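Visitor: Here are the chains, one letter per residue:
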Amino acid sequence: ETGVTQSPTHLIKTRGQQVTLRCSSQSGHNTVSWYQQALGQGPQFIFQYYREEENGRGNFPPRFSGLQFPNYSSELNVNALELDDSALYLCASSRPGGTQYFGPGTRLLVL
Amino acid sequence: EDKVVQSPLSLVVHEGDTVTLNCSYEVTNFRSLLWYKQEKKAPTFLFMLTSSGIEKKSGRLSSILDKKELFSILNITATQTGDSAIYLCAVPSGPNFGNEKLTFGTGTRLTIIP
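Going down the list, the sequences are from chains A and B.
Following this note's numbering, the numbering of the first sequence begins with 1 at its first residue and continues without gaps.
Following this note's numbering, the numbering of the second sequence begins with 1001 at its first residue and continues without gaps.
Calculated directly from the structure, the hints in this document are not laboratory data.
Predicted, not measured: the structure shown is a model, and the values here were computed from it.
Heads up, some of the hints might be wrong.
Unchecked claim - Cross-link-like lysine-lysine pairs, in silico, DSS-like; alpha carbons within 27 Å at most: (1) B/Lys1056 / B/Lys1003; (2) B/Lys1041 / A/Lys13; (3) B/Lys1068 / B/Lys1003; (4) B/Lys1040 / A/Lys13; (5) B/Lys1068 / B/Lys1056; (6) B/Lys1067 / B/Lys1057.
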């Protein structure tokens, strides 16, 4: 186990709702990255946070937003949920420039 | 845009067989290539490769990188049912630390039949 934790493990929402996913980084890691993994696909990079600032973003619309807190934990917020947002959401923690270690993920289903 | 292609997409073999998984990549500023194993949810780190021709080994798993031909292979010998998983290949990139973003392939789904 990596020491990266995520909550909740599963979530069901309806279209148009908002969701917040949480991630606690591994001890000693101050960088958190978020990924979306649709069924049958590899993870897609959403964004990375370092020192409470966004440090790189993938091709996701602004309704995907995030936060990092002083203890390096992080949140992913998704507004105006769409059916295509149904996926496994993974967070990974690392030191800057270091290997990313993943948490167990949150499986989101949008109905 | 960085690109990672894995083959085959799916592989079914019998316990004890040896398998080879392939990963080719196109990346602007190559730094390293990573292999992960994903059994249920969390991808777990296997190897990081930075230099051509140097084999990384962990038990029955080994991997090698060819930076000239832009590919890597992951070998698993004497496969066991516990090796059944999706194997993901990824390349890191980014303007600041060089690893802000991991670009993944679609993965190879490996199934081991007892």
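Visitor: What are the numbers of the hints the structure violates, in ascending order?
Guide: Violated: none.
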